[in-house]
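Please model the complete structure; the sequences and the hints are all you need to start from.
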Amino acid sequence: MKGWLKRWGLYRLIPAVILLLALLFSMLGAQMYREVAALRSAPQDNVQWTLAQVEIELLTLLDTLRAAQDAGKADPRRLAELRKRFDIFYSRNRTIARSQGFQDLRTIEQFSTALGAVRQTLDDQLPLIDGDDPALFAGLPDLEEQFQAIRPTTRQLSLIGIRKFAELSDKRRHDFGLLVFQTAGVGLVLIVALIFALAVLYRQRQIAQASSAKVRESRSRFANTVNVSLDAIIVADGDGTILDFNPAAEKTFGYSHARAVGADMADLIVPPTLHDAHKEGMRRYLRSGKSKLVGKGRFELDAMHANGSIFPVEMSIGAAAGENGEPIFIAYVRDISKRKRIEVELTNARDKALAADKAKSQFLAVMSHEMRTPLNAVMATLDLLDRTELKPRQRDFLQTAITSGEILQHHIDDVLDLTRIEAGAIDLQAERFDIRDLIAEVERSTQLAADKKGDAVSVQIDLDETQICLDLNRLRQILLNLVSNAIKFTDDGTIDIIAASHADTDDRRVLTFEVKDTGIGIAPEDLGRIFGDFVTLDPSYQRKAEGYGLGLAICRRIAAAMGGKITVRSERGVGSSFLVTLPEAEETQTTEERRPESTSAAVPSGASLRVLMVEDNETNRFVARAMLEEEGCTVVEAVDGEDGVAKAQEERFDLILMDISMPRLDGIEAARMIRSGSGASKAVPIVCLTAHAMSETRDALHEAGVTDCLIKPLRRKNLQHVLSMVLKHDRAQEHDGDPETDILIDPVLLNELATLMPPERLNRSFGRFIEEVGSLRAQFETLCESRDSQAALKHAHHLTGSSGMFGAVALTEAFRHFQDLAAAGDMASILELLDDVDALGQETIAAFETEGWAARRPVPTEAS
Numbered sequence: 000m001k002g003w004l005k006r007w008g009l010y011r012l013i014p015a016v017i018l019l020l021a022l023l024f025s026m027l028g029a030q031m032y033r034e035v036a037a038l039r040s041a042p043q044d045n046v047q048w049t050l051a052q053v054e055i056e057l058l059t060l061l062d063t064l065r066a067a068q069d070a071g072k073a074d075p076r077r078l079a080e081l082r083k084r085f086d087i088f089y090s091r092n093r094t095i096a097r098s099q100g101f102q103d104l105r106t107i108e109q110f111s112t113a114l115g116a117v118r119q120t121l122d123d124q125l126p127l128i129d130g131d132d133p134a135l136f137a138g139l140p141d142l143e144e145q146f147q148a149i150r151p152t153t154r155q156l157s158l159i160g161i162r163k164f165a166e167l168s169d170k171r172r173h174d175f176g177l178l179v180f181q182t183a184g185v186g187l188v189l190i191v192a193l194i195f196a197l198a199v200l201y202r203q204r205q206i207a208q209a210s211s212a213k214v215r216e217s218r219s220r221f222a223n224t225v226n227v228s229l230d231a232i233i234v235a236d237g238d239g240t241i242l243d244f245n246p247a248a249e250k251t252f253g254y255s256h257a258r259a260v261g262a263d264m265a266d267l268i269v270p271p272t273l274h275d276a277h278k279e280g281m282r283r284y285l286r287s288g289k290s291k292l293v294g295k296g297r298f299e300l301d302a303m304h305a306n307g308s309i310f311p312v313e314m315s316i317g318a319a320a321g322e323n324g325e326p327i328f329i330a331y332v333r334d335i336s337k338r339k340r341i342e343v344e345l346t347n348a349r350d351k352a353l354a355a356d357k358a359k360s361q362f363l364a365v366m367s368h369e370m371r372t373p374l375n376a377v378m379a380t381l382d383l384l385d386r387t388e389l390k391p392r393q394r395d396f397l398q399t400a401i402t403s404g405e406i407l408q409h410h411i412d413d414v415l416d417l418t419r420i421e422a423g424a425i426d427l428q429a430e431r432f433d434i435r436d437l438i439a440e441v442e443r444s445t446q447l448a449a450d451k452k453g454d455a456v457s458v459q460i461d462l463d464e465t466q467i468c469l470d471l472n473r474l475r476q477i478l479l480n481l482v483s484n485a486i487k488f489t490d491d492g493t494i495d496i497i498a499a500s501h502a503d504t505d506d507r508r509v510l511t512f513e514v515k516d517t518g519i520g521i522a523p524e525d526l527g528r529i530f531g532d533f534v535t536l537d538p539s540y541q542r543k544a545e546g547y548g549l550g551l552a553i554c555r556r557i558a559a560a561m562g563g564k565i566t567v568r569s570e571r572g573v574g575s576s577f578l579v580t581l582p583e584a585e586e587t588q589t590t591e592e593r594r595p596e597s598t599s600a601a602v603p604s605g606a607s608l609r610v611l612m613v614e615d616n617e618t619n620r621f622v623a624r625a626m627l628e629e630e631g632c633t634v635v636e637a638v639d640g641e642d643g644v645a646k647a648q649e650e651r652f653d654l655i656l657m658d659i660s661m662p663r664l665d666g667i668e669a670a671r672m673i674r675s676g677s678g679a680s681k682a683v684p685i686v687c688l689t690a691h692a693m694s695e696t697r698d699a700l701h702e703a704g705v706t707d708c709l710i711k712p713l714r715r716k717n718l719q720h721v722l723s724m725v726l727k728h729d730r731a732q733e734h735d736g737d738p739e740t741d742i743l744i745d746p747v748l749l750n751e752l753a754t755l756m757p758p759e760r761l762n763r764s765f766g767r768f769i770e771e772v773g774s775l776r777a778q779f780e781t782l783c784e785s786r787d788s789q790a791a792l793k794h795a796h797h798l799t800g801s802s803g804m805f806g807a808v809a810l811t812e813a814f815r816h817f818q819d820l821a822a823a824g825d826m827a828s829i830l831e832l833l834d835d836v837d838a839l840g841q842e843t844i845a846a847f848e849t850e851g852w853a854a855r856r857p858v859p860t861e862a863s
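According to numbering that gives the first Met the number 0, the sequence shown holds residues 0 to 863 in order.
Because the hints were derived from the structure by calculation, they are not lab data.
The reader is advised that the hints may include incorrect statements.
Claimed, not checked - Listed next, with one range per pair, are the computed distances between beta-carbon atoms:
#: 1; residue 1: ARG507; residue 2: ALA352; range: 34 to 42 Å
#: 2; residue 1: GLY307; residue 2: ASP236; range: 43 to 51 Å
#: 3; residue 1: SER25; residue 2: VAL260; range: 54 to 62 Å
#: 4; residue 1: ASP236; residue 2: ARG215; range: 20 to 28 Å
#: 5; residue 1: LEU23; residue 2: THR106; range: 25 to 33 Å
#: 6; residue 1: ARG507; residue 2: ASP436; range: 21 to 29 Å
Stated by the list, open to error - Taking lysine-lysine pairs in the DSS-like style, the calculated list, with each CA pair at most 25 Å apart, reads:
#: 7; residue 1: LYS339; residue 2: LYS250
#: 8; residue 1: LYS351; residue 2: LYS339
#: 9; residue 1: LYS278; residue 2: LYS291
#: 10; residue 1: LYS487; residue 2: LYS452
#: 11; residue 1: LYS793; residue 2: LYS681
#: 12; residue 1: LYS515; residue 2: LYS564
#: 13; residue 1: LYS452; residue 2: LYS515
#: 14; residue 1: LYS451; residue 2: LYS487
#: 15; residue 1: LYS487; residue 2: LYS390
#: 16; residue 1: LYS716; residue 2: LYS390
#: 17; residue 1: LYS72; residue 2: LYS83
#: 18; residue 1: LYS278; residue 2: LYS295
#: 19; residue 1: LYS250; residue 2: LYS337
#: 20; residue 1: LYS278; residue 2: LYS289
#: 21; residue 1: LYS291; residue 2: LYS339
#: 22; residue 1: LYS515; residue 2: LYS451
#: 23; residue 1: LYS487; residue 2: LYS515
#: 24; residue 1: LYS337; residue 2: LYS351
#: 25; residue 1: LYS295; residue 2: LYS351
Don't be surprised by glycine CBs; every beta carbon is placed ideally from N, CA and C.
Spelled out as structure tokens, the structure:
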């Protein structure tokens, strides 16, 4: 019982329960007294008598009325008696209608209706009763008839009252009996509670005796605990006088127990620099009960040893009430000198590791970037050499060198990818595309390697909707790496590429790509490290598979950046399965914004373009000049950005090729100065050469007015593509303004595009482009009204890419001009030119129809 009472805290409730029962018993007794008094007075008897008297009064009134009639004439004495009896009867009814004793009866609808009918009859006869005697005597027959009519109603009132008060009497008897029962029950419970209270008090006495023994035992245990504690424990009173000083405190501070007890704590263990703060804290706690340290958990500060040395401690202070309510402070103190030394050592080691890691990343980034400069010259020189007359053996040597250079470029790109991802600078551009096209491309790219190893590559696409939204280039990079790895480690086997999807908990589509092989597999102890940097499972010189151990590490980081992951299952000698899980992303760019790479972009013969080459590296200038002159271009060199800006101001060029990283003035600032100036080459295409294509770099290039960029090393096919686009641009400008010779579309580019893109994808993209051209007026009018130049710049840039992709030469130039105007914030000029550009758009659509491209536009359905 003791444990139960303690658990529920019922000790303190027992007096309250007894007091409550006594109060309840008193209330029930008082209620019984009131009920007995009510029964003694029996007011309901008077009420019933009044109801019965109403009918008697009515009969007396009728007898008086008949006596007045029998007189044969208006007898004043008898008529006065009639008025008296009427007043008595009226008074009885008025009492019933207004008295509180009849309140319950008046709530009965039948009683209230009958009472109302009687009162209405009496009220109607008041004028006659209060009139003169002759009139009253003349109306006696009618009055008798009215009173006779209400006799049944009067009887109904009496009967209803009798029934009602009979029910009330029964209820009162029942309630009184229940009250007696309740009073007896409460009295019984009160007696039981008193007995229980006596039992509890007796038990409490036993518990108090046992508790006293336990307190003595607890004191003994506490004293032993304090004495054997590894932490110093100091007990002091409100004045700071030490009351207890355990052995650990003796060892920590160098004072004996006898020396410490009774001494002022501030003088013994508090450093002189903290004396004032310590005393102020003690006074504040004694004055207000508030402290910054007491009861605030663990904290660190300095303490003083007996030899005067200062050392760091970790301590916690608690407060308890002593004799007479005075506070007692208990401090738990731990010497943390050793821990502090270790923390300093760990911090220094961490800083060194971070510095080394940062230095490694910077070294990799700088070296990978700087290696592109000589690689650019090497690859460009090899491309130039490829166009010379070579013997078959020399051409074999050349192809070996080109292949090795491309492999080196791939390695450098991987290292740059790794450093970008580690720096959190990976650029993701989600777009909608058909996964069947991408997997087919991966299959074609790896088919030759698979054939050499005797492997069969199969594809399985388990998707209801093959249009997905992800970063196409990054997904291609992951799949190519996984499939290439599978081919490397599989001989005469099979490689399966499986694409599927499922919904996550938020009902968002999650895409899975599995690459399975029947190769040599991976040992269980190696599964945990294959995604590490520079990890090769066979590091020996005799290893059969090429690679340097970065591919899977980069793929894992890319998948994580895309919100997904890569997992692996493998069995040695059976094969491996890599599963890529990626949530579908929000679209950030359309397919039309990506310029298709042309497999053949030869510059037409006889082309002579004036090109300004802005490059600070002499070797790169030499190679670029040679490549441009091979294509029939006239080249003017500038050694840095400032030189390039000056030459662009003076002369009109067809193209400006500009390096980004240059001394004095970089390529981005140089392009911005050319565009913002008024020189001869202000509007010519500017193509920048860059070692990487980070998102922030592309944005800066776009804002500076750069037309396009080429990734180093500079290759002949990429250069040819740029020159071809510039040549088409110049030809379009030559015909500009002559309606009979305007070039609206480039059929050659259209036919080339038709060979590059799958028909379904091409038709869908072309239809979207035509819709955009048709709605360009409404779009630009809205942007001009809101004066949103940044949105106009973005939309014009998008339309420029789309028009260039489908060979809409004139529209491309118009939208490029819109870009320049939007970049300058000149929305009024865009609005002025909008009619002409809209008309040009309609003419371009008509030109597409003339070329037979109208059939490629998807036919809208009712659902669309």
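Hints, verified against the model:
no.: 1; hint: ARG507 with ALA352: 34 to 42 Å; result: holds (39 Å)
no.: 2; hint: GLY307 with ASP236: 43 to 51 Å; result: violated (26 Å)
no.: 3; hint: SER25 with VAL260: 54 to 62 Å; result: holds (59 Å)
no.: 4; hint: ASP236 with ARG215: 20 to 28 Å; result: holds (23 Å)
no.: 5; hint: LEU23 with THR106: 25 to 33 Å; result: holds (32 Å)
no.: 6; hint: ARG507 with ASP436: 21 to 29 Å; result: holds (23 Å)
no.: 7; hint: LYS339 with LYS250; result: holds (19 Å)
no.: 8; hint: LYS351 with LYS339; result: holds (18 Å)
no.: 9; hint: LYS278 with LYS291; result: holds (13 Å)
no.: 10; hint: LYS487 with LYS452; result: holds (8 Å)
no.: 11; hint: LYS793 with LYS681; result: holds (21 Å)
no.: 12; hint: LYS515 with LYS564; result: holds (16 Å)
no.: 13; hint: LYS452 with LYS515; result: holds (16 Å)
no.: 14; hint: LYS451 with LYS487; result: holds (10 Å)
no.: 15; hint: LYS487 with LYS390; result: violated (33 Å)
no.: 16; hint: LYS716 with LYS390; result: holds (23 Å)
no.: 17; hint: LYS72 with LYS83; result: holds (19 Å)
no.: 18; hint: LYS278 with LYS295; result: holds (18 Å)
no.: 19; hint: LYS250 with LYS337; result: holds (15 Å)
no.: 20; hint: LYS278 with LYS289; result: holds (14 Å)
no.: 21; hint: LYS291 with LYS339; result: holds (23 Å)
no.: 22; hint: LYS515 with LYS451; result: holds (18 Å)
no.: 23; hint: LYS487 with LYS515; result: holds (13 Å)
no.: 24; hint: LYS337 with LYS351; result: holds (21 Å)
no.: 25; hint: LYS295 with LYS351; result: violated (35 Å)
In summary, the numbered hints that this structure violates are 2, 15 and 25.
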